[in-house]
Amino acid sequence: METPIVVQDVHKSFGKVKALHDISFTVNEGELFGLIGPDGAGKSTLFRILTTLLLADKGQATVNGLDVVKDYKAIRKIVGYMPGRFSLYQDLTVQENLDFFATIFNTTVAANYELIEEIYVQIAPFKDRPAGKLSGGMKQKLALCCALVHKPVVLFLDEPTTGVDPVSRKEFWEMLQRLRKKGIAILVSTPYMDEAMLCDRVALIQNGRLLEIDTPQHIIEQYNKPMWAVHAKRMYPLIQDLRSFPETESCYAFGEYLHLTLKHGEADLDKLQAYLQPKGHEEFSMHPIQAGIEDCFMELMKSEKV
Amino acid sequence: MHPIVTKELTKKFGAFIATNAITFEVKEGEIFGFLGANGAGKTTAMRMLCGLLKPSSGEAKVAGFDVYTQADKVKQNIGYMSQRFSLYEDLKVKENIRFYGGIYGLSNNTIKEKTKQLLQKLQMEAEADQLVSALPLGWKQKLAFSVAILHDPSIVFLDEPTGGVDPVTRRQFWDLIYEAAGRGVTVFVTTHYMDEAEYCDRISIMVDGRIQALDTPRQLKAQFQADSMDDVFLKLARGK
Amino acid sequence: MRQFFVFARKEFYHIFRDKRTLLILFGMPVVQIVLFGFAITNEIKNAEIAVLDQSRDYYSNRLVQQLQAGSYFKIDQELQSHQAIEAAFREGRIKMVVVIPPKFGESFFHLHKAQVQLLADAGDPNTATTLINYARAIIGNYQQELNGPQAMPLTINTTVRMQYNPALKSVFLFVPGVMTLILLLVSAMMTSITIAREKELGTMEILLVSPLPPAMIVTGKVVPYIVLSFINALVILGMGVWLFGMPIKGSIVLLLLECALFVLTSLGLGILISTVTDKQQTAMMASMMGLLMPTVLLSGFIFPVESMPLPLRLLSNIMPAKWFIIILKDIMLKGSGLREVWPQSLVLCGMTLLFVTISIRKFKIRLS
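Residue numbers (the UniProt record's numbering), protein chains in the order written: chain A, 1 to 306; chain B, 1 to 240; chain C, 1 to 368.
No lab work stands behind these hints: they were computed from the structure. Accuracy of the hints is not assured; some may be wrong.
As the list claims (entries may be wrong) - Okay, derived cross-link-like pairs now, PhoX-like style, lysine-lysine, Cα gap no bigger than 20 Å in a straight line:
#1 K133/A <-> K19/C
#2 K133/A <-> K12/B
#3 K92/B <-> K114/B
#4 K279/C <-> K199/C
#5 K182/A <-> K151/A
#6 K54/B <-> K75/B
#7 K279/A <-> K233/A
#8 K19/C <-> K45/C
#9 K27/B <-> K75/B
#10 K77/A <-> K364/C
#11 K121/B <-> K92/B
#12 K249/C <-> K364/C
#13 K263/A <-> K225/A
#14 K235/B <-> K170/A
#15 K364/C <-> K73/A
#16 K249/C <-> K73/A
#17 K92/B <-> K116/B
#18 K73/A <-> K170/A
#19 K271/A <-> K225/A
#20 K235/B <-> K221/B
#21 K233/A <-> K116/B
#22 K27/B <-> K233/A
#23 K182/A <-> K77/A
#24 K27/B <-> K61/B
#25 K70/A <-> K58/A
#26 K263/A <-> K302/A
#27 K170/A <-> K221/B
#28 K61/B <-> K73/B
#29 K364/C <-> K70/A
#30 K225/A <-> K302/A
Given these sequences and hints, build the entire structure.
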């Protein structure tokens, strides 16, 4: 069995803009690999290079052992691809879309039914509805179905959950987990940091550069600074006060708490207490926490910029 | 006088009820999160409140004006920013600001003054003469927000303003929102990031055209015995 | 083959589910042909004229009656004086004034010379010339009638026969023109738009990342339009024949084959346009500006190629429409066979080949 995806020193520029800079990583068999980064980081460009739609300026890439430039025809037979925006025929019904994509891949829906069954039963009640009239979550499920219908060896999903509500997102990821168990290697990109935790390994990407490649657990463990979650009744004044505290290294809002790191870690705690005391924040609370993937990403982003 | 008051606000498209008798009010200077699954009726409700869509029945007053009869007054008193349409990509930063200032009838001097302040606040003085298309997404969104409140509206509507934006810029964006709210601007915001829901003073969650929950994030978590807003959302949307 | 069939079927779904496409496909040809056939015409019918008859004798009366007899002129008012002429023109209704001087009959028979003055509103020179010509012809006939059987000494009788279109029906000119235009529009514009739409919607990305060969993608998209364009050609021909009495003197089989050839040429053009455009709007603009306008202006459809300055005449040679209009007219009106129209057909074949070759060479197997 060949390695599903190997990327080596890939560079790509559009005019003056460097879309990808020295990208290298490997996706192993049956791995769910996440490409995590904001819009414009270069995720879609990388997907298009791997799906043989774009040529890299420099570097090599193989999909299932096939070269993305030389063997593009062979690759097109074995990959499933879901582009960043919804790319099915909106005026065709669910069933017509499925049949169409099955046929152009020289197969039928029935032939690989067991693979798509679980997703298909969810969209089956709407099978006579035009794809354009489906809700966001349903559209993504249909698109996934269409990308899977020919039983691809490698699955490329470019931001499948963008703009999708949290419930549908969760369901979508549950499906990906099960597909992975069936041995399909999956490369998936997302701008949602919380989804990184659901991947086997992730690559964090920003401005066309990879910041880190590792398992999400490892990335979090490597974050060695002590961090506190801080809360008060009025959050905005608290943020402002903490940011103007000279020993504060970073202070970001995370849900109902602020995540705070200090320049000298625990050594600064007393100073902080003395600083905050006279400000009189109501319902003030503060407790140490383990950093999340988003904290790590932000930390990595900062060091990248310097 | 609350800036947004609705009573049994309903919109039907044929037999389909997009927004089903929603009743709520938003207080002055509040950051009000408007959540819901795709197709739950958020966009429809937001369009009615912005005076873009006539309701089928019910009442709604925005900034004290009736959305049925005073839609033009409503529009003058609100700011609006969406993820999709915000700024003209082929105009320069300065030109965009001038254009929107002009739309809302600001005088040339005011526009000049405000442009200066705005660019200074966003630390974008150096980019004033750049085309918007050349800016990173996060900057565009911050600029778009600042432009949406250029005419000092009492309410600003934000439709998924931070979609796809990197985590640092996303937080800088929320700093802008907090600051605006601190000045008394009422903020009405939709988002798919559940952690952002926690930044809101109060949240409403829509399911199938109805508001199923409305409270502060803390209360909602207590009510649904959930650890995070994510859980609250899942319990609500799945438990139907 | 099954792939191809499914692809083509999908294309038909797109067409039949989009009311606007359907309207353009089938509504536009009918509307255009009716418009051109009935409304926009060079013929003069019931033109309103005024008469200043200062003679008021038997002969002048009969002349006026003759003018009125055909369907060409309608006498709107009878003027009483020269001063009234100016005023009558100013009212704007009348297009021509016929002035018959006093003692018309008397001068004709005794002096062998009578005068009739024709005053036309030359603000619209084409109409004015046509009206004057009609009036002259009527007056000429009247003169012969008065002369009776005895021939005038030494006159040259010109008998005019308008070859191939004896009734001078402008619709005979327009049917081939409209047909050409419609085929070009439907085939070229619709194909370029439909391919651009796949790019715009992002579905082209998925199609490219499938084992479908690019040639299959293009043929799959184009074949439905070949069928529809051909049906359109039949509809227009049918309307031309049954509604406007247009003859088909040559072989119908040859005519249909030539139509098929032109459909292919247009499709080639459409595919060519689509290879260089990514957006439906750009494709539409390119088709409109690049095809429609030059075709209308330069193909000889509206303005005769012969009267154009040399550079434009040369330019008109690269319009596929020009050659097809010639072929259509020759077959339908003159009854020409392949022996006469082979050079034009060859030009179209060459153009088709050229368009398809360039398209294939330019078709991207990748996104950029």
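To see whether the hints hold, each was checked on the structure:
Simply put, K133/A and K19/C have alpha-carbon atoms about 17 Å apart, close enough for the 20 Å limit, and the pair holds. Taking the CA atoms of K133/A and K12/B, the gap is near 16 Å; set against the 20 Å cutoff, the hint holds. At most 20 Å may separate the alpha-carbon atoms for a hinted pair to count; K92/B and K114/B meet this at roughly 16 Å. For a cut-off of 20 Å, the pair hint linking K279/C to K199/C stands: about 7 Å separates their Cα positions.
Distance hint between K182/A and K151/A is fulfilled; the C-alpha atoms sit about 11 Å from each other, no more than 20 Å. With a C-alpha separation of about 13 Å, the suggested pairing of K54/B with K75/B holds against the 20 Å cut-off. Between K279/A and K233/A the CA atoms are separated by roughly 13 Å; this keeps the pair inside 20 Å, and the hint holds. For the suggested pair K19/C and K45/C, the alpha carbons sit about 38 Å apart, so the restraint of at most 20 Å is broken.
Proposed proximity of K27/B and K75/B is supported: the alpha carbons are some 19 Å apart, at most 20 Å. Distance check on the hinted pair: K77/A and K364/C sit about 18 Å apart at the alpha-carbon level, within 20 Å; holds. The hinted pair formed by K121/B and K92/B meets the criterion: a straight-line CA distance of about 18 Å does not exceed 20 Å. For a cut-off of 20 Å, the pair hint linking K249/C to K364/C is broken: about 45 Å separates their Cα positions.
Using a Cα cut-off of 20 Å, the hinted pair K263/A and K225/A holds, with the two alpha carbons roughly 9 Å apart. At roughly 12 Å between alpha-carbon atoms, K235/B and K170/A fall within 20 Å of each other, so this suggested pair holds. Straight-line distance between C-alpha atoms of K364/C and K73/A comes to about 14 Å, which keeps the hinted pair within the 20 Å bound. This hinted pair does not check out: K249/C and K73/A have alpha carbons roughly 52 Å apart, beyond 20 Å.
Only pairs whose Cα atoms come within 20 Å are accepted, and K92/B paired with K116/B is accepted, the gap being roughly 15 Å. Using a Cα cut-off of 20 Å, the hinted pair K73/A and K170/A is violated, with the two alpha carbons roughly 34 Å apart. A C-alpha spacing of about 18 Å is found between K271/A and K225/A, which places the hinted pair at or below 20 Å, so the restraint holds. As the CA atoms of K235/B and K221/B are separated by approximately 11 Å, the hinted pair is consistent with the 20 Å bound.
Annotation: proposed proximity of K233/A to K116/B is violated, straight-line Cα distance about 34 Å (limit 20 Å). For the suggested pair K27/B and K233/A, the alpha carbons sit about 17 Å apart, so the restraint of at most 20 Å is met. About 19 Å separates the Cα atoms of K182/A and K77/A, which keeps this hinted pair within 20 Å; it holds. The suggested pairing of K27/B with K61/B holds, with an alpha-carbon distance near 13 Å, which does not exceed 20 Å.
Distance restraint check for K70/A and K58/A: the Cα-Cα separation of roughly 14 Å lies within the 20 Å cut-off, and the hinted pair is therefore satisfied. This hinted pair checks out: K263/A and K302/A have alpha carbons roughly 15 Å apart, not beyond 20 Å. Pair hint K170/A plus K221/B holds up; C-alpha atoms about 19 Å apart against a cutoff of 20 Å. Proximity of K61/B to K73/B is assessed by CA-CA distance (about 11 Å); at most 20 Å being required, the pair is judged to hold.
Restraint check for K364/C and K70/A: the C-alpha separation of about 15 Å stays at or below 20 Å, so the hint holds. Simply put, K225/A and K302/A have alpha-carbon atoms about 14 Å apart, close enough for the 20 Å limit, and the pair holds.
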